[in-house]
Each structure stands twice: as structure tokens, then as C-alpha cells.
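Protein chains in written order, with our numbering: chain A, 1 to 365; chain B, 1001 to 1365; chain C, 2001 to 2365; chain D, 3001 to 3365.
Keep in mind that the hints were calculated from the coordinates and are not lab data.
Just to be clear, a hint being listed does not mean it is correct.
[As the list claims (entries may be wrong)] No more than 20 Å apart at the CA atoms, straight line, and that leaves these computed lysine to aspartate or glutamate pairs for EDC-like:
no.: 1; chain 1: B; residue 1: Lys1036; chain 2: B; residue 2: Glu1047
no.: 2; chain 1: D; residue 1: Lys3339; chain 2: C; residue 2: Glu2333
no.: 3; chain 1: B; residue 1: Lys1339; chain 2: A; residue 2: Glu333
In this text, all values refer to a predicted model and were calculated from it rather than measured experimentally.
Number of protein chains: 4
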Amino acid sequence: MIIVIKSGTTTAEIERISEELRCWNITPERTEGRNKVVIGLVGDTAEIDVRQIQNLSPFIEQVIRVNKPFKRASKEFRYGEPTEVVVPTPNGFVTFGQNHPVVVVAGPCSVENEEMIVETALLVKAAGAQFLRGGAYKPRTSPYAFQGHGESALELLAKAREATGLGIITEVMDTSDLDLVAEVADVVQIGARNMQNFSLLKKVGAQGKPVLLKRGLSATIEDWLMSAEYILAAGNPNVILCERGIRTFDRQYTRNTLDISAIPVLRKLTHLPIMVDPSHATGFSEFVPTMAMTAIAAGTDSLMIEVHPNPAKALSDGPQSLTPEKFEQLMQEMAVLGKFFSRWTKNNSPTATPKFAPISSTVGV
Amino acid sequence: MIIVIKSGTTTAEIERISEELRCWNITPERTEGRNKVVIGLVGDTAEIDVRQIQNLSPFIEQVIRVNKPFKRASKEFRYGEPTEVVVPTPNGFVTFGQNHPVVVVAGPCSVENEEMIVETALLVKAAGAQFLRGGAYKPRTSPYAFQGHGESALELLAKAREATGLGIITEVMDTSDLDLVAEVADVVQIGARNMQNFSLLKKVGAQGKPVLLKRGLSATIEDWLMSAEYILAAGNPNVILCERGIRTFDRQYTRNTLDISAIPVLRKLTHLPIMVDPSHATGFSEFVPTMAMTAIAAGTDSLMIEVHPNPAKALSDGPQSLTPEKFEQLMQEMAVLGKFFSRWTKNNSPTATPKFAPISSTVGV
Amino acid sequence: MIIVIKSGTTTAEIERISEELRCWNITPERTEGRNKVVIGLVGDTAEIDVRQIQNLSPFIEQVIRVNKPFKRASKEFRYGEPTEVVVPTPNGFVTFGQNHPVVVVAGPCSVENEEMIVETALLVKAAGAQFLRGGAYKPRTSPYAFQGHGESALELLAKAREATGLGIITEVMDTSDLDLVAEVADVVQIGARNMQNFSLLKKVGAQGKPVLLKRGLSATIEDWLMSAEYILAAGNPNVILCERGIRTFDRQYTRNTLDISAIPVLRKLTHLPIMVDPSHATGFSEFVPTMAMTAIAAGTDSLMIEVHPNPAKALSDGPQSLTPEKFEQLMQEMAVLGKFFSRWTKNNSPTATPKFAPISSTVGV
Amino acid sequence: MIIVIKSGTTTAEIERISEELRCWNITPERTEGRNKVVIGLVGDTAEIDVRQIQNLSPFIEQVIRVNKPFKRASKEFRYGEPTEVVVPTPNGFVTFGQNHPVVVVAGPCSVENEEMIVETALLVKAAGAQFLRGGAYKPRTSPYAFQGHGESALELLAKAREATGLGIITEVMDTSDLDLVAEVADVVQIGARNMQNFSLLKKVGAQGKPVLLKRGLSATIEDWLMSAEYILAAGNPNVILCERGIRTFDRQYTRNTLDISAIPVLRKLTHLPIMVDPSHATGFSEFVPTMAMTAIAAGTDSLMIEVHPNPAKALSDGPQSLTPEKFEQLMQEMAVLGKFFSRWTKNNSPTATPKFAPISSTVGV
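One chain only, chain A, in its complex shape (with noise of 0.2 Å):
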């Protein structure tokens, strides 16, 4: 249920309605869009009747039931207006939000030595990117696979944001290391494999740092908006939904397929931002510029690809990894098209100061 208020209400008038509310036992989360404040409540609001509710103050405008199995991460929830999600970066604020420029996120599948994740940071910021992607706790199918280096690679990982400035992205799979990978990281990142591994997301949605969720390989739109509930209702409200392909029953020619009808789909039901990844998507380096520009023009709010400064001998994902030179081309282009769509900035630079102040400055009324 939300409750939306009359504009021109008082801070006092808010909080008393809010006081109300928690006597019945009821969370309220404010809101505060561009025109309208909105009450979002949350607890056991099947019982109430929106005229008590409405009785509450004559300040109230409208009473809206949320009928969808997700209501936080709805879009009623916060009456349309979008979450931005302000991660503050050695280099200043960057955004992500559907008023915003797209974001990019680059880097390796993990990091697998200083030279290499440092080098590798240069290299994508100089070509623009605001993030650094790397994997320190990587999620194989094999055993015997390369596994990341875990805490020594979250080390390394530190040193590249040290020496570049750019925002650190990477995965968290173990609640145990939950502590350590948000010591360093700016968006822990939550994997496919994972999507519904809920006791993590209760934790990722009890600490303070905004949570990259990937979309689950046959996680249907409805499950993926139900785990970013998980993590809204544990108190976290930065959540970054990541398209990075499903299982169909073709993989010979892509490793799994872009949903990227899910874009409009998710913007039609959430607040939240997005960001696809065309490198998991496509499994192949060759198709992911022509991805990453369909990405922009369905609307995405941010992206993740992966860059190597040598694919052929890249621990894991190689054959899906953009060269340095690859990358810094797709970002010209990238640019082009970004300023076509208004959602590239001059020079697509972290912001000093955020526009507007974090959203989880709001939170807990």
C-alpha cells in the first residue's frame, strides 16, 4: 500500500501520519519524488481498510493498494519516480538512474595479478568507463577451475581503485566473506547462480553498500524483482537489476540469449536501474559491441563488459572478453549513440557532488 500526500504537507503533518502508522504496527518508507511525497507501507497491510488510512489526515491524497507480489521493488511504490542509486567513487559520485547517463562498468572476468587489474584500469577509464569490474571469488561450474583469488584479489582490487579512482564492482558468494568484499567494493556484485540464494540477499540487504543483482539463468522477470525485494526489505534500498542473458533451448551460437525485451518489461514494473551485460549474454567477444549499442537504444541505465588485456590467455572468459583496443572503439561509438538518446555526458565523468542526495538518506522515516 502507499499513501500519497497533498502537496504543500508539512514535514510535522508527515511524521505524525507516520508516528500513526507505526502504531499499527506498519513500516512506513517516504519517497520524495519530483512532485509528490509518497508513503510506502510495509508489514501486514492485507487486513487494513483504505478508508481508516484515509481517515488518518486530510492531508492524504490517495490510498493505492500494491497488487503485485513484489511491492517495495514495485513501481507503485515510489508513486513512478525512479531510484537513483549515487555510489560515491574516489573519483566523485556516479549515478545510476533512468535521468541519468548510461554507466559503464568494464573490466576482467577476475583479477589475476596486480599488473594485470591495475593495467587493465587505466586502460578503461582512460576509454571512459566509471567502474572497474574483477572477479576475487569467482562461481565455476568446474571444481578444477580457476576459483579467483579470493581476499588476496580484493587486495589488488583496492590498489586499482587506489590508482585509477574508478568505482570497484565485484561478487560476493559466501556470506562469511560478505564483511571483506564490501570493505572494498563500491556495488557487491551478487551472481546469476546466486540470484536466489536467499539468505545472501537478506545479508547483501542488511549492509550498507548498493547490490548489483544478476538476473538468475531462468529466473522469470517476476522471480528477479522478487529477490531485489529480499534485499529492500532487509533495509537496503540500492539495488542494480542485470540482465546478463537466460537459458533457452539454443546455445550453439550464443551461450545464453538476451532478454532484451526485459528492459521495457522492467521498466514498466520497477523503480530500480538497470544494466545489461552483453559479455555473459553472448558468450562471444565478436557480438557484444553490436549488444552493448542495442542495450542503449532499449534503454538500459548502465553496462557491464568485460575487458582483457589478452583474452587468448585470460583465466576464465576469454573468448567473451574485449581486447583494450575493442573497448576503446565501442566506447566512441558507444558515445555517439549515448548523446543520440541524451544519456551520455560530455565526457561521461563521475559528477563532485551527487544531483540529487542518496536515496538511502531516505529510508526509515
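Using the hints, position chains B, C and D against chain A.
Coordinates of chains B, C and D only, in the frame set by chain A:
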């Protein structure tokens, strides 16, 4: 197998080589590309030694074996030269191909009555479409659903063609209707559910009108190209491949899943032109504009878009049909994006004369 | 809608009610079950009030609306009475149905030559099969693969029928071949790739031979029953549904995924008899015996098993064909299990006279 | 790679060969089959020449390279000898394996309260089950759905175990809960959504309790065996594979699609015992009995069936739960079929002593 001929070889020598090959019970098919002449060899070439062919003439530059199960449909068969499907319409020739402007096909799911189809044709023409789509024979899941007006609808399509000069694309469902359909249609459509109706493929391959081959609901890329191969092998080189969404595990918010990476994959594998149908792929008109724009970014050669004067009252597929107003607006947006990619002509109108001779004339060298 | 008639109602009264309904432009179809007579109503019944019908006669016990999209195929339409498809073969009548022994259909993928098909027929008959399968027209993914010997193969099937007395099941792929096929076949097969070839469905529905309808590669249960509905609606009540594996994400160790729970699901939804084809479902002969046994445990009414005298030299589908020896051994194992479930006759031979009159005679009351 | 030892070789010689291999940084794992002793080699064997190993001893009969990505899970690794997972329960040892009676696991989706779980345990024991299932930690799509009673539910399971002597199977969702769960559980379950939670796999592999590994919703057979390989590679040889339905395009009448041919496919590929869960596979109790019977015919070694004293009031998965009465009836039917296949013991009760020594004792030779 294909034979690449050296530049400057005389027609007489090419004819001599071809004659020789016919004696081996092999059918040579000549392709004149921008730079090279190549001869595709069709028949039982498994036993033939590459050197045997090489020895036929000093004007042979190279002999290449095609290792894919599809031969004529493979990119190698035309040595990378894209096929141009040139369709004569009352308004002039329209060319489907990689180096040509995006061709827009629009119209209702089914032909309902004369007024409706002529009105729609006039409206989509005014908005810039070059072809009218409209079903006379409708493949419907239920025998109790509207099955199309059949033969009488074909007459109405002929009237719409006359009134507007637009080319006509309509589906054939039965081999026994083919002659009637091909009389009216400028391009004959094979629907998704008939993609592996091999009898029908053979028969549309043996007639002269170009063929639009929709991808089956769970057809792999290879299945699809093998079905194109049926048509090509029967003698019809003018095949357009139409991606219209595949069936996956998630059907809650879209009718099918648009497999957008099929475009670059097909581009790698085949010389045939590509169309995208965002209406059937998504099943909801609200997602059609975004997906149409996306398909252009992905490099499609053509788009098929459902337009109905009154979607709410459509006899079939109303929910996925655009109103003429929405279609006109989309055409304007697509024109801007199409020009960005140099895939849109100034007025996007058919040309008085084809830039290249229709490809069909090169068959049977 | 269906009308349940009270026990003891006279034929004249039932005829009177039917006549009345015809005046309303509704086609009544009578089913005589073991306990009840029911009249299925076909036509535009949406507007008719249940009470209007109830008032037609005091001998009407109950009027029930069928709320599924498939009507004639629904279990309700026959008030739970299972359809018995009784097929006259030279050896006698064979009945496919829920209360009858499991019928075994065996034979090669395609008819290769006279000696081969007659020999196979003799062997599968000796092992206890009641029908010979064998393709004259073969739907093949590649136009260059063996396409079946066509009309001449039909003649060879006729010879095998003569030599053994076995019933013949063979596929029709084209409406224009239907008369020829139906002349030889005792049961006409619609292949998986033609399950939604609606023209073909209408035409096999309009002729007299029973129809075996294979499930499409990605057909839902509902799609499949709607295709059966096409045949039933065209006037042919003798439809057998054949599960032959569906297409899923995993195709490494089996060709398709046998959807075994389709059996109890169909049993709940429809009165039509069910066949399972473990050969196409798995694609490997080594898995066929286990899956055949499994299908019996799941309650199938019939099995279709590929048998080839020399699988290694088969012109098509060799890897999934049993040798005659393996088939004989499997028949012995199935006999024991079939008897366990009371679904196997002493000698499993066709009966001289059908236990029940062929159902087709009750149509068009 | 595996080494087959000649019959009659002394333990000392086998020990000597093993010692030699350890010097090459290879871990030898001994399997004593009915006829042969084989030594599986784990480690980087890619570079080792077969002849090098052959030369180690004249008592080596054969050296075989395992060409699959899964090694320890492959049938070759134990030279075809099926694994027997012997579980000590208060009632005695229960053995899961190909040459043993079918083991039945039954109980509610989740542990709701003491009375309910003890009552259900008594009822399923009386009907012949040897294990009680019951979720303490529940993986639920929605964060607002009942998440299980957690630690307190584990205590209730311990009480049910005490009251009935049944073994306990319950799921672990988080590495940090593993110790608690393993204290109560006789078999630790990894749920479908965690099948590729590699951190969890490593940790259950490093503890001593047997592991039930459910197949992921869209896991291929190979993905699944690779996940088993994680557990085996971490030192735990006692893995049971549970097929519980896969996600396909059709979800209208069943929750998932039971992949019944997975049973013979697994039998060909691996030595590990197999369980089938018809409750989750179908999602509806009405289909459970037929699918349970079917799984026995397909050769399953074990069944997991949801039973709830009052399905209509279940806190989770009520629609797929059998009542105790229905379960008892099914057990009687399964007993008859199980005996038919010689896979049911007279009283199906656990044995006082295991027929074979627990396999775990043979690890780390």
C-alpha cells in the same frame, strides 16, 4: 563447396567451368559480388577432391568447402556478398538487404473488410511504410477463433495494393492455396508454425515470389537456416528471415522472448536479409516502439509492425497492434535513428529502378 | 456445454431434444457412456442461458458449461467417458483406450525397400506388435537428407500389411498427399513439426481414418489439445495423442525431454487415448527400454517404438532404433509389467470383433 | 584417470603404488568393487602419460583416462561400481544405492510445530518411510512468505527423530548454519536454488554427513554432476542426486517438468544414487502417486514425498502435499511395484547392520 574465380576471367571461361561441373552431376550457381565472381556447387560434393576442381582451370583462385549443414544459406556460399531481395511493387522496386535502408512493413494482423484494409494501407503508406501486411489465412490456436476471410481477403489486399501502390506481404498456410496467394502477394509469408512444414517450403521454393520465413517458436538458428535452405535448394534465392520471438520459460509479461542477438549471429552465418517483428515478439503494443528502435540498433534490414485502425475491436491480435497515430509517431522516431545508422533514405520511398538487378536473374548460370 | 440425460430416457426424446438444439444453430453430439447419455453442444453457446436448455425437457438431468478453450477434447464433453479409438486391421479390431491393453506400434523410421519393411513387419508382429510404423514421407531438417520414398513407399507398406495383417501408421505431410496416404494407412500420423499446420489438421479431420497427433516440440498441453480440437471439430472423433519429447535447455544426452507427467495431466483433461514414443523422446536406443517401461507405469495406452533390422545402416534415425532382438526382449519385459497393471492381453492380439462399436458411429446424432 | 588393479594384488602393493602416485602430487582414491580394486587419480593428470603409470607396477591391469569434465562423479571413476550411501539412523543403517531397496523419504515441506512434525513422523514411519523430511530453513521466492522456524525447527526435528527413530533430511541454506543443521540432520539437503552455490557445496563437501543434492531448475545433467563433483572433490563421497523437475516453457498444469529420462542418463554417467521428488516436480498432489510409481519403474533408488497432516492449512506447498491416508495408500501400491522390480524389502525397514561397510571409509587410501 564454392569456387572463387580470379578477377578478369571471361564469361566464356566461367561458362566452360560451369559446363564441366554439370557433367559431374553438380549444379553450379553463380554469384557476382562487388569484387569477385564465385560459383557455388550444389550436389553430392562430399567425394570430390578440392584439387580435382582446382585443376579445371587456371582461372580458379580458390576452392572452399562449406562445413556447415546449410550450404546455399551460408555466408561462404556467396563469399560474404549479402543477398539483396529486390521486390517490384507498384510504387517501384524495394530492396531488402544489408546495404540498403530499413524496409518497413505494416498493417493489421488480419484483413477484416475492404474499408478497414484500404484505410490502414493509406495510413501506413502516409507514415512511410513500403509494404502492407495483412492476413487472409490466419493460423489460430483455436478452431473456433476467426480463421481469416481467405480468398475474399486476398481480393481486398489486391484493392489495397491498387489504392496505395504498396507491396503486399501475406501468409500462405496450405500448398493448395499457394497459387492464389502468390498472385496477390509481392512477398509470400511462411508463418512460425509452418517453419518446418517442409512440403510448403519446397513449394514456395519452386515459385517465383520472394519468401518471408518466420522463425519457429522453438527453432534454433540452425533449424531456421536449414528451412531457408529448403527454399533456396528448390530454386528460389529470395528469402528474408524474420525473427518474431522465441518461446522460453517466462511468458508472463511478454508473449515471446525477442532473440535480439539472432541479428548479429545471422549476420555472421548467412547472406540473407533479416526482418524483426516486435509485435509478435512482445505481444503488447506498449513494448513495440522500444523493441523496433532496438532492432534498428541491432542492425535489422526490415521491420514488420502490426497497425490496426481500432486495436480494441481487432478480430485478432488487438493487444499488440499500434494505432495509426502511434505508428506514425514511431516512424518519425525510427527515421531519426535510422538516419543515425545510415539505414534510412530521405523519404524512404521505393526507387524507380533497382540499384542492382534482381538476384534471381543470376540463378541457374 | 454438455447436457446430461436422465437414465431411461427414450431415444425418441433424445432425438427431439437434439432437433430442438439444431434449430438454435447448435450441433449436438451424442456420447453413450457406460452409465449415461450426454449431448455435447457445439457452436456459439456463449449467449445461451443454462436454464433455457434445462427447460427443453424434463429428461435433462444437468447442463454443464465447459470452461476450457478446448471443448470436444475436454473430459467434460464426454462426461468422463474415455474415447476408444477402434481400428480395423486385417488381423482384427485394435482398440486404443484407457480401459484396454497397451497397443504396441513398431517399425523403422522410414520405409527403405520392400525386403526391409516386410522383414521388419514380420519380426515386430512375431514379437507382439499390432501396428507397423514406417515413414513414406519424412520431415527432415535438411533438404539434402533422405526425404522418404514417398508414393512408392506407401505401396511397400501396403505389401507389409498384406504379408502380416498388421495395421499401418504412417505420416502425412502435405494436404495434397492425404488421399494417397489414407488409402494405405489405418491410422494417419501428423508429425510434431506439423502439429500446428492447421490446414492439414482440418483436412485429416474431414476424412475417416483415425489420426495420431504428435505433440509439437514446444507445444504446451493446451496448444496440443487445441490442435486435437481442430480435428474433432472437423468431424473426426478418432484422435490419439502422442507424447514424443519436448525441447528444453538440455540436449546433450537426450534428443528431447520425455514429458512423462503429460500422461496424468492429459488423463485429467481429456478423454482421448494417449501414446508415448520413447524413441524420438530420448534419441538413443539404449534409453528406450527403460522409458517404455516407465510409460506403462505412467498409464500410457500405447507405445510407438522404432525398430530397424540394422540400425547402423538405417537411412534415418538409426541411433534411436532397436534391433529386432532388443525389441523382442523389451516386448517380453513389457508384457510382464503390462500384466502387472492389467494392461496387457494374454496374447496381446487384435480381437475378432470390437468390444464396443466404433465411436465414429455415434457422431452426428 | 583410473588404475584398474589385477585381482589378487596385495594390499601392500596397492599401498606402494598409491604412495608413488602421491609423490607425483596426485591423490589416489581407492574403490573396492565386487570384482576389482580401482584407484581413481585426482589432480593434474593431463600431462601424465598412461604408460608412465602402467610402468609403476606389474599388478596394474589397465589405466583409463576419464574424458568427461566430471571425474570423481563419473561411472568410470569407480569402474562401474555403484556408490552406496549408508546412513546410520536410530532405527539402523539405511542404504541408498542401485542394488538396494527403494528408500522412501516423507514429511512436510516445513516444520510448523512440535505436534505437527512428531505426528507426521509417526504416520509416515507407520506407512513405511525410513526418513523424515521437513524444512527448518525455507527458500521462498517472496521475503514475505513463511521462511521456516529455523533453529527451533531443528530442535523439533531432533524430537521427531527421537520419537520415531527415523533419519532426518533437512535443508541448509547458509554456510553459517551448516554446523547446526549437520548436528540434527542425518542427510544434509542442498536445495535446487543453491545447486550452484559453490561456497555451500565446498562446505558440505568438507563435513561428514551425506548430502542430498537437488537439481537446479535449469541445470543440465552436466551442470548437476559438476556440482556433485564439488562435494566429492572436497572429500565427501556420500552424495545422492535428486531430480525434482526442471523449468520448461509449459507451467500451466504442472509446476515443473519431471525429467524422468534423467534416471537412465545418470545411471549411464555416474555411480551416485538417485532420488526423485514427484511433489516438487508436479506441484499437485493428484499427480504425485502416478509419478512416484513411474519413478520406480524408471529405476530410482529413492523417493521424496511431501506429506502433511492437513494440506489445506500447510504454511507452504500445501497443494502438492499428500494427506497421511493418501500416502499410506501410495506406499502400499509402491510396495507391490517395488517388489515387482525387486527393489522393496519385505518390511522395507532399516537393517541392523549395513550390508557393506560405509563407503566413506574407503576414502583417502
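Taking the hints in turn, this is what the structure says about them:
1. Among the hinted pairs, Lys1036/B with Glu1047/B is inconsistent with the structure: their alpha-carbon atoms are about 26 Å apart, more than 20 Å.
2. Distance check on the hinted pair: Lys3339/D and Glu2333/C sit about 15 Å apart at the alpha-carbon level, within 20 Å; holds.
3. The suggested pairing of Lys1339/B with Glu333/A holds, with an alpha-carbon distance near 15 Å, which does not exceed 20 Å.
Hint 1 from the earlier list is the only one contradicted by this structure; the remaining hints agree with it.
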